[in-house]
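Top line first, the protein sequences correspond to chains X and Y.
Position 354 of the first sequence, counted from 1, bears residue number 354 in this note's numbering, the numbering being contiguous throughout.
Position 66 of the second sequence, counted from 1, bears residue number 66 in this note's numbering, the numbering being contiguous throughout.
Hints may contain errors.
Using C-beta positions, here's what the derived DEER-type ranges look like [unchecked claim]:
1. X:Val300 / Y:Asp154: 17 to 25 angstroms
2. Y:Asp92 / X:Pro279: 33 to 41 angstroms
3. Y:Tyr333 / X:Val300: 34 to 42 angstroms
4. X:Asp25 / Y:Lys259: 48 to 56 angstroms
5. Y:Pro306 / X:Gln46: 32 to 40 angstroms
6. X:Ile280 / Y:Ile123: 43 to 51 angstroms
7. X:Ser158 / Y:Asp187: 52 to 60 angstroms
8. X:Asp25 / Y:Leu332: 52 to 60 angstroms
9. Y:Ala128 / X:Gln261: 34 to 42 angstroms
10. Y:Pro297 / X:Gln163: 23 to 31 angstroms
11. X:Lys42 / Y:Leu74: 25 to 33 angstroms
12. Y:Glu217 / X:Asp253: 44 to 52 angstroms
13. Y:Ser161 / X:Gln46: 41 to 49 angstroms
14. Y:Asp335 / X:Pro279: 43 to 51 angstroms
To spell it out: a stretch of chain X is covered by chain Y in this simulated footprint if at least three of its residues, at any positions, have a beta carbon under 8 angstroms from a beta carbon of chain Y; those stretches are [stated by the list, open to error]:
15. 44-53
16. 155-163
17. 192-200
18. 264-271
Hint data in this document are derived by calculation from the structure and do not stem from the laboratory.
Each residue gets a CB set at the ideal place from its N, CA and C atoms; glycine is no exception.
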Amino acid sequence: MLNTQTELTVPTVSIAAEPLLEIRDATVIYGAQTALHAFSLKIPQQPATITTIAGESGSGKTTLANGVLGFTVLTSGQILYMGQDVATFDRAQQHQYRREVQAIFQDPYEVYNPFYRVRHIFDMAIRNFQLATDKDQGRARIEDALQVVGLRGDEVLSKYPHQLSGGQRQRLMIARAYLLKPHLIVADEPVSMVDASLRATILDIMLKLREEYSISFLYITHDLSTAYQIGNDIYVLYRGETVEKGDTVTVIDSPKHPYVQLLVESIPVADPTVQWNKPIEVPTDNKPNPHGCRFYDRCVHHTDICLTRQPDLYSVAVADHTTDHSAACYLYDPQAMMLDPVTHFTTEQKDSHS
Amino acid sequence: MLNTENLLNTLNRSPEIKPSMLEVRDLTIQYDTPKGVLTAMNHIGFSVKRGETLGLVGESGCGKSTTAMGILRLIQAPGRIVSGSVRLDNEDLLALNDRDLRDVRWRKLALIPQGAMNSLNPIMKVGAQLADGISAHEYTPRYILNERLSELLDMVGLPESVLNLFPHELSGGMKQRVCIAMAVALDPMLIIADEPTSALDVVTQRVVAQTLRKVKEMLGVSMILIGHDMGLQAQLADRIAVMYAGNIVEIAPVLDIFKNPMHPYTRLLIQATPSIKGRKSLKVTEGAMIDLRNPPPGCVFQYRCPSVMPMCRSIFPPLRELEPEYWVACHLYNDQPQIGIDNAQHAN
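Based on the sequences and whatever the hints tell you, model everything.
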């Protein structure tokens with residue numbers, strides 16, 4: 001293993017207490033459409049974690065990934081990398097950031113140039129970031145990275161992308177990201193286009209990179225079950241709003257927001273004895289409510305207060321629990337509870353509070 | 001719901017009550033490639049009973065979609081059907097002439113293709129497209145047609161106003177439901193649904209899956225559900241056929257196959273399915289796929305099988321019926337009594 005972690009640390013941002021990545025009130029507006037609204041998140045430097053951003057299409061999860069990767073400029077808010085706003089980075093820092101924050105994308109077929117052999121993407125990375133002083137060192141690094149994802153150089157490097165399977169391509173993308181010894185990998189739907197057995201392989205590699213190489217992940221997905229298997233914290237987005245956040249297992253085991261409850265309930269269980277119990281209905285006329293809660297039109301609990309404005313994130317953590325778990329729903333607003341407990345609480349919650 | 005499912009399952013076990021709607025026998029499909037002949041489907045045989053949903057699972061490239069295309073006779077050069085028969089309601093589809101075949105397609109045998117929602121004509125309103133399809137196959141007076149269209153939309157849970165919309169005005173799930181309505185428009189005997197919910201988010205997926213199930217139950221139609229999502233298969237299928245490298249390696253009722261999968265590949269497939277009922281280490285299956293142009297002697301799964309034995313490298317394991325309705329192609333069960341091997345050859 002080459003000692004690059006230390007030699008490449010930027011002196012200006014070396015305060016260990018700063019989070020690796022902090023997002024403050026990130027908002028992205030396209031024309032009249034708010035793609036992402038006031039999103040905040042913190043990923044610590046140590047220990048390495050897998051933070052999941054979950055949501056359906058149009059929830060803003062890819063907008064967020066693009067923001068972190070610098071492909072989208074925030075309309076307002078900040079993205080801080082080790083305490084420094086990425087928007088204020090100079091050229092050298094940007095280059096540094098490009099190296100330490102890597103990306104894996106959904107479609108492993110689209111990211112390759114079909115005219116180059118696979119070796120090309122590795123050679124480019126090595127040249128661009130001057131990772132090796134000579135050919136042998138470069139080769140050793142590539143071989144090392146391939147080994148992490150369970151591939152061998154002589155098997156794949158001199159092939160063209162179309163000669164590889166989807167799984168090999170996706171693993172090569174991870175190897176390429178790993179080659180740069182990043183601190184954070186933004187993985188945008190990395191397993192949504194691969195088969196079940198291969199999905200397990202990719203998730204396994206992600207876990208390995210987190211455990212053995214201390215690489216954190218921002219894992220963007222629509223699939224709660226894979227997040228459940230590997231994720232630390234989860235943020236569930238709906239139409240640009242954060243509707244629920246907390247520890248992944250806690251959130252999925254006992255979802256609080258009506259939308260997250262619907263999501264969890266809709267996951268098909270791989271057990272024929274556990275059948276979907278009742279049909280769900282989705283209104284065909286989906287007009288989001290412009291001022292209030294984004295989920296108003298699909299929510300079974302909606303009341304008039306939901307029309308006033310988007311609810312804040314209210315804590316729903318169990319008292320003896322140390323982890324943060326909150327949901328953006330008036331059902332959990334302590335003030336609303338005092339105002340009108342009858343309409344705002346389900347029977348079950350009233351019982352637990354009385 | 002659970003009770004009906006169980007009931008259906010019991011019914012499916014007795015072939016006298018539910019005769020086969022579709023019988024695929026010994027179907028072999030090959031592709032001529034510059035590097036030799038590739039066998040995409042190797043002597044495949046299975047049946048689908050009346051009103052039954054058969055789930056066809058396996059990884060990409062295993063021959064699931066080729067099976068669908070083979071049944072519909074939509075295999076295009078360089079692919080060709082080398083041998084076998086496909087009998088739909090006792091009519092051999094492979095022996096039909098083009099005109100009769102065109103009549104069978106859609107009227108008796110409907111396809112919901114992969115990415116079906118992108119197959120709608122973008123410059124025709126939904127109602128016109130549905131009407132076009134129906135009148136191409138049978139003359140229908142306008143007033144009956146209109147009534148039929150509203151019935152169809154109602155069946156898939158869409159409002160009648162959708163008839164006057166263009167496809168781009170609909171969401172992905174709504175387009176997919178329009179495609180289901182198209183598939184059942186002529187009251188077919190068998191629907192082949194190729195990954196009907198892929199590329200939809202989980203809530204929409206559930207709505208579409210529910211629609212499929214409801215339509216199937218209302219019309220009593222048989223269905224082949226192609227997909228690799230074991231969760232969805234568990235919810236919708238009555239029996240599951242598992243494919244690997246152009247071969248069927250296991251066919252069994254859904255309850256049995258999830259409770260006690262026999263073939264090592266089926267086991268890995270089920271273990272690799274992430275669940276939200278507790279964390280588990282996901283089984284990783286490493287190993288190479290066999291070369292379909294030049295398959296090695298023995299089992300197709302030998303390179304990846306955790307329980308591989310010497311004989312797996314030399315002798316091809318045939319699909320054998322271990323218990324009634326439970327078929328497995330694996331040498332692990334050689335010493336077990338072999339029920340109905342004759343039955344397999346002379347069934348029906």
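Evaluated hints:
The beta-carbon spacing between valine 300 of chain X and aspartate 154 of chain Y, approximately 23 angstroms, falls within the hinted interval of 17 to 25 angstroms. Separated by about 39 angstroms at the C-beta atoms, aspartate 92 of chain Y and proline 279 of chain X satisfy the suggested range of 33 to 41 angstroms. Distance hint for tyrosine 333 of chain Y and valine 300 of chain X: a CB-CB separation of about 49 angstroms, inconsistent with the stated range 34 to 42 angstroms. The hinted range of 48 to 56 angstroms is satisfied by aspartate 25 of chain X and lysine 259 of chain Y, whose Cβ atoms lie roughly 50 angstroms apart.
In this structure the hint that proline 306 of chain Y and glutamine 46 of chain X lie 32 to 40 angstroms apart at CB holds, the actual value being about 37 angstroms. Our hint of 43 to 51 angstroms for isoleucine 280 of chain X and isoleucine 123 of chain Y is violated, since their Cβ atoms are close to 33 angstroms apart. For the pair serine 158 of chain X and aspartate 187 of chain Y, the supplied restraint of 52 to 60 angstroms holds, since their beta-carbon distance comes to about 55 angstroms. One distance hint, 52 to 60 angstroms for the beta-carbon pair aspartate 25 of chain X and leucine 332 of chain Y, holds here, with the actual separation near 59 angstroms.
In this structure the hint that alanine 128 of chain Y and glutamine 261 of chain X lie 34 to 42 angstroms apart at CB holds, the actual value being about 39 angstroms. Between proline 297 of chain Y and glutamine 163 of chain X the Cβ separation comes to about 26 angstroms, which falls inside the hinted range of 23 to 31 angstroms. As the Cβ distance of lysine 42 of chain X to leucine 74 of chain Y is approximately 53 angstroms, the hint placing it in 25 to 33 angstroms is violated. Separated by about 32 angstroms at the C-beta atoms, glutamate 217 of chain Y and aspartate 253 of chain X break the suggested range of 44 to 52 angstroms.
Take serine 161 of chain Y and glutamine 46 of chain X: their Cβ atoms lie about 56 angstroms apart, and the range 41 to 49 angstroms is violated. Here the CB-CB span from aspartate 335 of chain Y to proline 279 of chain X is close to 46 angstroms, well matched to the stated 43 to 51 angstroms. By the rule of at least three residues with a Cβ nearer than 8 angstroms to a Cβ of chain Y, the coverage given for the region 44-53 of chain X is violated, with 0 such residues. Here the region 155-163 of chain X counts 0 residues with a CB under 8 angstroms from a CB of chain Y, which misses the bar of 3, and the coverage is violated.
Given as covered by chain Y, the region 192-200 of chain X passes the check, having 6 residues with a CB less than 8 angstroms from a CB of that chain where 3 are the minimum. Proximity of the region 264-271 of chain X to chain Y, defined as three or more residues with a beta carbon under 8 angstroms from a beta carbon of that chain, is established by the 7 residues found.
Against the hints set out earlier in the document, violations occur for numbers 3, 6, 11, 12, 13, 15, 16.
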